[in-house]
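The whole structure should be built from the sequences, with the hints applied where relevant.
Adding 722 to a residue's 1-based position in the sequence shown gives its number in my numbering.
Treat the hints with care, since some could be wrong.
[Said to hold, decoys possible] Derived DEER-like restraints, expressed as beta-carbon distance ranges:
#1 Ile778 - Pro851: 10 to 20 angstroms
#2 Ala782 - Ser733: 20 to 30 angstroms
#3 Arg739 - Pro862: 31 to 41 angstroms
#4 Asp807 - Ala782: 19 to 29 angstroms
[Stated by the list, open to error] Below are the BS3-like pairs computed for lysine-lysine, each with C-alpha atoms no more than 27 angstroms apart in a straight line:
#5 Lys808 - Lys835
#6 Lys734 - Lys757
#7 Lys780 - Lys808
#8 Lys835 - Lys785
It is worth saying that the hints were derived from the structure and are not from the lab.
Just so it is clear, the structure is predicted and the values come from calculations on it, not from any experiment.
Using N, Cα and C, we set each Cβ at its ideal position, and we do this for glycine too.
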Amino acid sequence: MLNYCVNLLQSKAQSKRQNLQLQTFELNLKGSRDKLWRVVSNLISNAIKFSPDEAIIKIAMQKKQHSVLISVADSGIGISEEMQDKIFELYTDAKREGTAGEETYGLGLFISKQIVLAHNGKIWCESVPGLGSTFYVDLPL
Numbered sequence: 723m724l725n726y727c728v729n730l731l732q733s734k735a736q737s738k739r740q741n742l743q744l745q746t747f748e749l750n751l752k753g754s755r756d757k758l759w760r761v762v763s764n765l766i767s768n769a770i771k772f773s774p775d776e777a778i779i780k781i782a783m784q785k786k787q788h789s790v791l792i793s794v795a796d797s798g799i800g801i802s803e804e805m806q807d808k809i810f811e812l813y814t815d816a817k818r819e820g821t822a823g824e825e826t827y828g829l830g831l832f833i834s835k836q837i838v839l840a841h842n843g844k845i846w847c848e849s850v851p852g853l854g855s856t857f858y859v860d861l862p863l
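Here is the structure:
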């Protein structure tokens, strides 16, 4: 699934001369493949949108004892600590333009959170303004 997402979004990243680096392995996840694809593709799209030209975006999967951890890390504009909880809310006021003026609607992370919760998982981010963000999705095996 991660390979598929990266392949689909490669041209979008190339338009900003960004490099998508993928570290993954084959694993069958429980749940709706289409919905989980939507979560991962949204996180990668956001990383592309909020990262500068020529950035490296790292997508990784790590198997844990009872779950799998997917991460999408960028070197973009980052998110302040006070906004990190708000970005997952519907119609949040935490919206910003992308680095190339891309418009945002405030729905992607809200929908992603609902999908992850429906799969008994967790989604969160860690970020430093000006240095980038890493979004995590932890899903049970």
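Hint by hint, here is what the structure shows:
Distance hint check for Ile778 and Pro851: the Cβ-Cβ separation is about 19 angstroms, which falls inside the suggested range of 10 to 20 angstroms. Distance hint check: the CB atoms of Ala782 and Ser733 are about 21 angstroms apart, consistent with the given range 20 to 30 angstroms. With their beta carbons about 37 angstroms apart, Arg739 and Pro862 fall inside the hinted range of 31 to 41 angstroms. Hint check: Asp807 to Ala782, Cβ distance near 24 angstroms, so the stated range 19 to 29 angstroms holds.
For the hint pairing Lys808 with Lys835, the CA-to-CA distance comes to about 12 angstroms; that is within 27 angstroms, so the pair holds. Simply put, Lys734 and Lys757 have alpha-carbon atoms about 21 angstroms apart, close enough for the 27 angstroms limit, and the pair holds. Of the pairs offered as hints, the one joining Lys780 and Lys808 holds, with about 24 angstroms between alpha carbons and a cut-off of 27 angstroms not exceeded. Note on Lys835 and Lys785: the hinted pairing holds, with a Cα-Cα distance of about 20 angstroms set against a maximum of 27 angstroms.
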